[in-house]
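Asks: Fit chain B to the known structure of chain A by using the hints.
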Amino acid sequence: DAGITQSPRHKVTETGTPVTLRCHQTENHRYMYWYRQDPGHGLRLIHYSYGVKDTDKGEVSDGYSVSRSKTEDFLLTLESATSSQTSVYFCAIMVGGTDTQYFGPGTRLTVL
Amino acid sequence: GENVEQHPSTLSVQEGDSAVIKCTYSDSASNYFPWYKQELGKRPQLIIDIRSNVGEKKDQRIAVTLNKTAKHFSLHITETQPEDSAVYFCAASGRDDKIIFGKGTRLHILP
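Sequence order for the protein chains is A and B.
Counting from 1434, one number per residue, gives the positions in the first sequence under my numbering.
Counting from -6, one number per residue, gives the positions in the second sequence under my numbering.
Read the hints as simulated data drawn from the structure, not as lab findings.
Remember, it's a predicted structure, so these values are computed and weren't measured experimentally.
Here a beta-carbon is modelled for each residue, glycine too, at the ideal position from N, C-alpha and C.
Some hints could be false.
[What the hints assert, rightly or not] Facing chain A, a subset of chain B residues (Cβ under 10 Å, in silico):
#, residue
1, -1
2, 1
3, 24
4, 27
5, 29
6, 32
7, 34
8, 39
9, 82
10, 86
11, 87
12, 89
13, 91
14, 95
15, 97
[Claimed, not checked] If you anchor each label on the Cβ, the simulated ranges turn out as follows:
#, chain 1, residue 1, chain 2, residue 2, range
16, A, 1487, B, 104, 47 to 53 Å
17, A, 1528, B, 0, 35 to 41 Å
18, A, 1495, B, 21, 25 to 31 Å
19, B, 51, A, 1528, 19 to 25 Å
20, B, 0, A, 1441, 32 to 38 Å
21, A, 1529, B, 22, 18 to 24 Å
22, B, 22, A, 1436, 28 to 34 Å
23, B, 51, A, 1489, 34 to 40 Å
24, A, 1463, B, 46, 22 to 28 Å
25, A, 1515, B, 9, 43 to 49 Å
26, B, -2, A, 1495, 20 to 26 Å
27, A, 1489, B, 8, 17 to 23 Å
28, B, 22, A, 1472, 27 to 33 Å
29, A, 1496, B, 21, 39 to 45 Å
[To be verified] Partial pick of chain A residues on the chain B-facing surface, computed with a CB cut under 7 Å:
#, residue
30, 1464
31, 1475
32, 1476
33, 1532
34, 1534
35, 1539
Just chain B, same shape as in the assembly:
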């Protein structure tokens, strides 16, 4: 079955700098890659997603890149702000309508 690895598990960046979170997946049939943000005590919220027919997608300060050949995808957050502090999860989906999640990255934005 699908396996999703996510790195790093914890990331601290200075406010205003960029943050990058990386994920790899194992199933070459996976074709949908969402990213979720989870604030303390809240539900995971979808922030951006990408499909396998696209290499990059941007939404304001957030971008996701996908390399199908290498089976990895990344989340980029530019000009980080205090409200970006949260846990971020990558995920992959392709077979039988199930999503497999990475274990999460705790992002700390330092003042």
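Pulled out of the complex, with its shape left as it was, chain A reads as follows:
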């Protein structure tokens, strides 16, 4: 499983509250990604990181921010959660020099 963990695995929160999801990897991969998965939409990229403090936006970045202060951790923050952000969130790493991505176990987020 490429040494990727996500926390929490499940979360229920209320509209307007801040939420932070954590992705942790143990294999020192440079590239890390956050996706959301919704029925009928597949996997859509939110943000990604190509190194400590180096991040960039994906196709659905509005309402999300990220931070990477250490190689092993990539945090996804919803500053003020909305019901449209109810989804399953997957973190992924890319193995350097291969383009190949491996996914974490996912976090199911429900915003009421």
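Replies: Then chain B, alone, in the frame of chain A:
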């Protein structure tokens, strides 16, 4: 940017028959095409991938073909088994270290 279309969205095949899932991509610079399998409640798992310098790749009952000229690639599963039931995603990558995914195909293997 890259756009990946995947068809069909749902596919039902009799156990033992073959299944084919097709994808097209838009960016001619894309050069890496992975396929992922996702079982219910689990993470997507890489099952096979192909690079643009190769036309076909096989791994036991799974094969992927790539036509760069037409910008399409396909997943072939032969002798399907119940455990092949899952959602399959194609993807394309080439520019700026990002992968763009298709919307998925739900494969049902009928007894």
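Asks: Each of the hints needs a verdict: does it hold here or not?
Replies: Hint check results:
Against a cut-off of 10 Å between C-beta atoms, the interface hint on residue -1 of chain B holds, since the closest Cβ of chain A lies about 8 Å away. Taking 10 Å as the C-beta cut-off, the interface hint given for residue 1 of chain B is violated, the closest approach to chain A being about 14 Å. Given the 10 Å rule on beta carbons, the hint for residue 24 of chain B holds: about 8 Å separates it from the nearest Cβ of chain A. Restraint check, residue 27 of chain B versus chain A: the minimum CB separation of about 7 Å is within 10 Å; hint holds.
Here the hint on residue 29 of chain B is kept, as its CB sits about 8 Å from the closest CB of chain A, short of 10 Å. Annotation: residue 32 of chain B was flagged as interfacial toward chain A, and the flag is violated, the nearest CB pair being 12 Å apart, outside 10 Å. Given hint, residue 34 of chain B at the interface with chain A, holds; its Cβ is 9 Å from that chain's nearest Cβ, closer than 10 Å. Of the supplied interface hints, the one on residue 39 of chain B holds, with its beta-carbon coming within about 6 Å of a beta-carbon of chain A, less than 10 Å.
Interface restraint check: residue 82 of chain B against chain A, minimum CB-CB distance 6 Å, threshold 10 Å, status holds. With 10 Å as the threshold, the beta carbon of residue 86 of chain B comes within range of chain A, its nearest partner Cβ sitting at about 5 Å, so the hint holds. At about 9 Å, the closest approach between the beta carbon of residue 87 of chain B and any beta carbon in chain A falls short of 10 Å, and the interface hint on this residue holds. The interface hint given for residue 89 of chain B is met, as the beta carbon of that residue sits about 8 Å from the closest beta carbon of chain A, less than 10 Å.
A least Cβ separation of about 6 Å between residue 91 of chain B and chain A falls short of the 10 Å threshold, and the interface hint therefore holds. For residue 95 of chain B, the suggested interface contact is upheld, since its CB lies about 6 Å from the closest CB of chain A, less than 10 Å. Below 10 Å, beta-carbon pairs count as interface contacts, and residue 97 of chain B has one with chain A at about 5 Å; its hint therefore holds. As the Cβ distance of residue 1487 of chain A to residue 104 of chain B is approximately 50 Å, the hint placing it in 47 to 53 Å holds.
Between residue 1528 of chain A and residue 0 of chain B the beta carbon distance is about 29 Å. The supplied range of 35 to 41 Å is therefore violated. For the pair residue 1495 of chain A and residue 21 of chain B, the beta carbons lie near 29 Å from each other, so the given range of 25 to 31 Å is met. In this structure the supplied range 19 to 25 Å holds for residue 51 of chain B paired with residue 1528 of chain A, their Cβ-Cβ distance being about 22 Å. Range check, residue 0 of chain B to residue 1441 of chain A: Cβ separation about 36 Å, and the 32 to 38 Å hint holds.
Distance hint check for residue 1529 of chain A and residue 22 of chain B: the Cβ-Cβ separation is about 20 Å, which falls inside the suggested range of 18 to 24 Å. In this structure, residue 22 of chain B and residue 1436 of chain A meet the distance hint of 28 to 34 Å, their C-beta atoms being roughly 31 Å apart. A hinted range of 34 to 40 Å for the beta carbons of residue 51 of chain B and residue 1489 of chain A is consistent with their spacing of about 36 Å. Distance hint check for residue 1463 of chain A and residue 46 of chain B: the Cβ-Cβ separation is about 24 Å, which falls inside the suggested range of 22 to 28 Å.
For residue 1515 of chain A paired with residue 9 of chain B, a C-beta distance near 47 Å keeps the hint of 43 to 49 Å intact. Checked against the hint of 20 to 26 Å, the pair residue -2 of chain B and residue 1495 of chain A passes, with Cβ atoms roughly 24 Å apart. At roughly 44 Å, the beta-carbon separation of residue 1489 of chain A and residue 8 of chain B lies outside the given 17 to 23 Å, and the hint is violated. Residue 22 of chain B and residue 1472 of chain A have their C-beta atoms about 30 Å apart, which keeps the hinted 27 to 33 Å range intact.
Between residue 1496 of chain A and residue 21 of chain B the CB atoms are about 32 Å apart, so this pair departs from the stated range of 39 to 45 Å. Of the supplied interface hints, the one on residue 1464 of chain A holds, with its beta-carbon coming within about 6 Å of a beta-carbon of chain B, less than 7 Å. Interface restraint check: residue 1475 of chain A against chain B, minimum CB-CB distance 4 Å, threshold 7 Å, status holds. At its closest, the beta carbon of residue 1476 of chain A sits 4 Å from a beta carbon of chain B; the interface hint therefore holds under the 7 Å criterion.
Because the beta carbon of residue 1532 of chain A sits about 4 Å from the nearest beta carbon in chain B, less than 7 Å, this interface hint is met. At about 6 Å, the closest approach between the beta carbon of residue 1534 of chain A and any beta carbon in chain B falls short of 7 Å, and the interface hint on this residue holds. A hinted interface residue such as residue 1539 of chain A counts as satisfied when its beta carbon comes closer than 7 Å to some beta carbon of chain B; here the least separation is about 6 Å, so the hint holds.
Of the numbered hints listed earlier, those contradicted by the structure are 2, 6, 17, 27, 29.
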